[in-house]
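Peer 1: Listed here are the chains, written in short residue letters.
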Amino acid sequence: MASAPKTFDENFLSRLDAIIARYPRSRSAIMPMLHLVQAREGYVTAEGIEVIAQKLDLTTAEVNAVASFYTQYRRTPAGEYHVGVCTNTLCAIMGGDAIFSGLKDHLGIENNERTADGKVSLEHIECNAACDYAPVVMVNWEFFDNQTVESAKTLVDDLRAGKKPAPTRGPNSVPTFKEASEVLAGFNDGRANEGIQAGDPTLLGLKIAKGERK
Amino acid sequence: MTAVQPQTDLITLTIDGFEVTVPKGTLVIRAAEQLGIQIPRFCDHPLLSPVGACRQCLVDIEINGRAFPKPQASCTIPVENGMVVKTQLTSEVAHKAQEGVMEFLLVNHPLDCPVCDKGGECPLQNQAMTSGRGESRFEGKKRTFEKPINISSQVLLDRERCILCARCTRFSKEIAGDPFIDMGERGALQQVAIYEKDPFDSYFSGNTVQICPVGALTGSAYRFRSRPFDLVSTPSVCEHCASGCSLRTDVRRNKTLRRLAGNDPEVNEEWNCDKGRWAFQYTMVKDRIATPLIRENGVLREASWPEAIAVAANGLQGKKAGVLVGGRATVEDSYAYAKFARATLGTNDIDFRSRPHSDEERDFLAAHVVGSKVRYSDIDTADHVVLVGFEPEEESPIVFLRIRKQVRKRALSVTAISPWQTRGFKKLQAKYIGVAPGAEGNALAQLSLTNQSVIVVGERLCESAGGLSAVAELARKSGAKIAWVPRRAGERGALEAGAIGNLLPGGRPISDAAARVDVAAAWSIESDSIPTSAGSDSKAIFAAAARGEIKALVIGGVDPFDMHAPDFAGLESAFVLSLELRPSAITERADVVLPVAAVTEKSGSFMSWEGRTRSFEQAVPETPHQSDLYILSLIAEALGKPLGFSTVRGAAKEFGTLANWDGARASFTSHPVANAAQGVTLASWRQLLDNGSLQVNEPNLAGTARKAVARINAQLAAKLGVANGDLVTISTDHGALSLNVELSDLVDDVVWLPRNAVASQSLRMLGVLNGAQVNIRKGL
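Protein chains in written order, with the numbering used here: chain W, 1 to 214; chain H, 1001 to 1780.
Derived PhoX-like pairs (lysine-lysine); straight-line CA-CA distance at most 20 Å:
1. H:1405 / H:1427
2. W:55 / H:1197
3. H:1426 / W:55
4. W:55 / H:1173
5. W:55 / H:1427
Derived from the structure by calculation, the hints contain no laboratory data.
Kindly generate the complete structure, drawing on both the sequences and the hints.
Peer 2: Here's what the structure looks like:
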């Protein structure tokens, strides 16, 4: 087995331990730990896999199996803003395919690649349960609803320019990939109540049921 | 064991119109086997937990009139009362479902059967014929991968052939406890994967090659060597350790090409270790001794058999002689040596222990081991297993697997008394009692066991004075069973055959007049011709030869460097007859060297650590070599004191009449535990894959051996001022060796070294045993 990696500071290691402490069985901690590695490194590094294997008394092959299964775990560096374009059926028909190819041309990168400045990476993603806002674009797993090719281009330009655009729903400004990963690792950034929680289309059925709308 | 079987709930169900009654919990696929109905399958394996990964075993099931809405995987569903199962034989739906699954499996499987090692013995090939469509409807592109990739130096993976049944990954995790392979990239590119930096260096990796139902996993050594239908298979027994594995030896044109684990539920189940599977080139090495050799003017020259036998007999005639057997002889060969020593040479100076040994051990073997019948099944029913002087994964891997199985199945409690908490002990979830080497006896005295407990004792406990006495005492106190597990395959058989100074065949004490009469009668010799006092042990025989008291030595398969400080002086002065496969330190000094047959070239039997006789037939059809016993019979004949047999069958038959002694066993006198040495002490044992003489010419196998390192704990490292990876030198008056440090979970002030790695032969280089004081310093 690989010897213990030495690149991690005490603070990071203690936060890994804090994740482990949340669970009755230590190996349950593997997914948030992988997110925390992404929060620090920007992707799942070899050292990250090795430190998790060591902490959880698993083999590196077992950790790698989990890390290579979920597309949320990136094995190449993500951009500061990881842009996901939904290309599942509904979004695709509503313009997702056009947005995805438009962004590829606009950014000059292919699927799963990153711009040279490291700001933006692009990925076509599966359904994010926002069909009522199709087509959606996700930036670090925050929703940008009802996009067009043009709005999406503006969005990535703003991201590259360092502006922090507000997602349609969710926090007041879009977090970086590392910040978002930290939240996914279970470390609260205190922004859960910012912005719009549920948009109109989401609540439509409820309102009809309650007789508030016909 | 009482004869009453435990009550099991029985379930009756109907499969294809036939009623069958099976124990509760039986899987549908197994129940169908009871009726002789074979449901096709890939992922299913009776010794692995069900997973339902391949979906090939779909059948129609209804329970009490209610049908499952769609076909179910019969390998994951336990039987229930009133269940009605229709397999492909009676259900069109099941048949079509199976054909559909097969078609999906073949979508990505290449049609490379003509160049695939598995072709001809491939479950996928076979079942595609029996349960698949004649033609594929798939016209797309198949998955392709770079091929093959080495997941270790001895296992190759062709990913495009893999049907993702997960047999290999489940074996590694469940049976071996080495999950170095797992399913990566789940999704369209799912594949078996190692982590790049950590190869599949499991001692049991070969089993994954054997249970792979396609040609995805292949062994480097066998790849592209043969077609299965060109091989002649012979059931065999492993000669590498005392586990007693059943094997199958596959021979093509008189050459052994591969060995597979045999299926013996009572012993190795369906598994074996990589050494047993992949170490067999030693019989085919170039320097194999081909003809008898006679020393003339200081040089060995080739000779004819009649000449060599005459010279050998002449050299032995009328001389006081000693006999050293080595630990690798078959039962029949050992018996021949034992009889040759007594009936032909008239001496009790015979010993099979060509390794560190003690008088305490010899008495212990005579009193507590010979004739005992502790079995693998005693591990299955044990309430507690104690390991002392024994690292099962390194020293008897199938014992390890059996203990681990019970640990997994029913949380069997295991205690390991050892100076180092090894990875193997951790995999057994053993309670680790760290003791300095030599102090095992003290730890044993603290234990309390029951008559359901098993104390598993390794041969190297004899290096700790008083250790075996403590085992005997603990067993007496508690009624616990003693399982003595030597390393070599021939040791237990040699003990039973009387190839030791204090015992005649069948465990008859030499000191017992009735025993001597018994044996003399069977051998048709005068009863007073068997010497009455116990003979010398191996070391004493060498020493007596050096003093000129023993004037002739008969040595079969002994490497003197396996012993502690061997005395070579006797080899120069005495007449030395060596029976050997290859040149050794003995043949270099021998007066007559006679080539002998290797295990694959003869029939015979080994006795496993259990005392279980494991017979095997000759696997290689044509060989110029003869077994040791045949050669001994020729010499005995020439000496005018014939052995009375010259065939394996004859020896086995005669030994059979002597095998069971119902008289009193030898008594055992307890030895005190020795005081610990001062300063830093040595702990050392052999690892499974090392510099062993039966592992020559196996580069692929050697690639997965553990790295030779010096292991010390953090306390000693701090004292020495060394860190992980630093070089240290360990020395004694005898010599020194240098290795890199790996910080490990050891007791304080102990350094652990591999006993027989290329760079670390602790016996030969340091000349000391476990528990001896050694010097250790930083750097060279």
